[in-house]
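**Student:** So you can see what is in the structure, the chains are spelled out below.
Protein chains: 2
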Amino acid sequence: MDEVKQAIREVMDFPKPGIGFKDITPVLQDARLFSRVIDALTTWAAALDPDIFVGIESRGFLFASPVAIGLKKGMALIRKKGKLPYETVEVKAPNEYAEEIFQIHVDAVKKGERVVIIDDLIATGWSSISAIDLVKKLDGRVVGFGALVDLSFLNGVPNIKQKHPDVEVKTLIQFE
Amino acid sequence: MDEVKQAIREVMDFPKPGIGFKDITPVLQDARLFSRVIDALTTWAAALDPDIFVGIESRGFLFASPVAIGLKKGMALIRKKGKLPYETVEVKAPNEYAEEIFQIHVDAVKKGERVVIIDDLIATGWSSISAIDLVKKLDGRVVGFGALVDLSFLNGVPNIKQKHPDVEVKTLIQFE
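Chains as they are written, first to last, in the numbering used here: chain A, 6 to 181; chain B, 6 to 181.
Be aware that one or more of the hints could be misleading.
Each pair may be met inside one copy or between any two copies, as identical chains are not told apart.
Simulated crosslink set (DSS-like; lysine-lysine; CA at most 25 Å straight-line) [what the hints assert, rightly or not]:
no., residue 1, residue 2
1, K168, K77
2, K77, K115
3, K85, K27
4, K21, K142
5, K86, K21
6, K27, K115
7, K85, K21
8, K77, K175
9, K10, K141
Simulated from the structure, these hints should not be mistaken for laboratory data.
The whole structure should be built from the sequences, with the hints applied where relevant.
**Tutor:** Take a look at the structure:
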């Protein structure tokens, strides 16, 4: 994954002054690196025997969707408040920049289904925890949370493990 | 595709009173139907010999990403203004509900590359036309525009063909 890490571009002062944003678009644009990332997430997820995947809007969709297709599973969407048309449940989802609200359709995950959630990046872990909380509201059994990037200096993975010790957390690239 | 069409759920009065919104999430959640949709888009796109795929935020990401992976290609993102961190070009992108602005990174598509753009749905075709215009600003050669759903009563496909007759437009399901 060293080559993938090299391809991630840091954009300074986005979205706020002082923030160095990890821009993953060069990885997506490179067919070989994009495939390598999806292959790694797919191999990891397959071992968890999931029934369904959940992608977090909107960059999470880029990774959750091909992994779900590769394993011949369906996927459900976690979106920001107001985007999903049907009946939803919701949670507060604070992140580094804002206090958002995540929603999921009430019929997205069935009781007891084994769920793997996929996002692009774990920062503080707060929004990951919110996403897990949300799936649990539907009585889904969250067995894994996968992401391409871990901003490990923000302690996100330990934060998630502390709140949800039963969820296997996988990241492919760490920035210390 | 009759079974896929049956699975699409109409949600009334979303996002505005009087609108019957076509909710594709039941298709995504059904592993068999989701795979069938991605297979059909992949087969169509393969014949166009694309160099790269472009997905339109955010539901377009759900379809563009697995098609790109299936054909071992990269993908680039069209996003709403303010979401992409690096240097961008942009176009006005009016849709049925609002006047938006679409952006793409300046390095997303290389000059002369064969590009297939994928979105979830074609309504009036205005935002599809804007997306094609945007890729053409980077001197990409847009060879195809694919979507799951065509609200054909809004005349989107003919609108796109009139403005961009060189782009092959493919939709899997039509609502008359």
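**Student:** Indicate, hint by hint, whether the structure satisfies it.
**Tutor:** Going through the hints against the structure:
For the identical chains of this complex, K168 and K77 are neighbours neither inside a copy (30 Å) nor across copies (37 Å), given an alpha-carbon limit of 25 Å. In this assembly of identical chains, K77 and K115 lie within 25 Å of each other by CA distance solely inside one copy; the values are 17 Å within and 33 Å between copies. Taking CA atoms no more than 25 Å apart as the test, K85 paired with K27 passes in both settings, with 21 Å inside one copy and 18 Å between copies. When the C-alpha separation of K21 and K142 is checked against a cutoff of 25 Å, the pair qualifies neither within a copy, at 33 Å, nor between copies, at 28 Å.
Proximity of K86 and K21 under a CA criterion of 25 Å is satisfied in both settings, with 22 Å inside one chain copy and 15 Å between copies. Within a single copy, K27 and K115 get their C-alpha atoms only as close as 34 Å, which misses the 25 Å cut-off; across copies the closest is 22 Å, which meets it. With identical chains, the CA atoms of K85 and K21 are at most 25 Å apart both within one copy (20 Å) and between copies (17 Å). Both within a single protomer and between protomers do K77 and K175 lie at most 25 Å apart by alpha-carbon distance, with minima of 20 Å and 24 Å respectively.
Taking CA atoms no more than 25 Å apart as the test, K10 paired with K141 passes in neither setting, with 32 Å inside one copy and 30 Å between copies.
Consistency note: the structure conflicts with the earlier hints numbered 1, 4 and 9.
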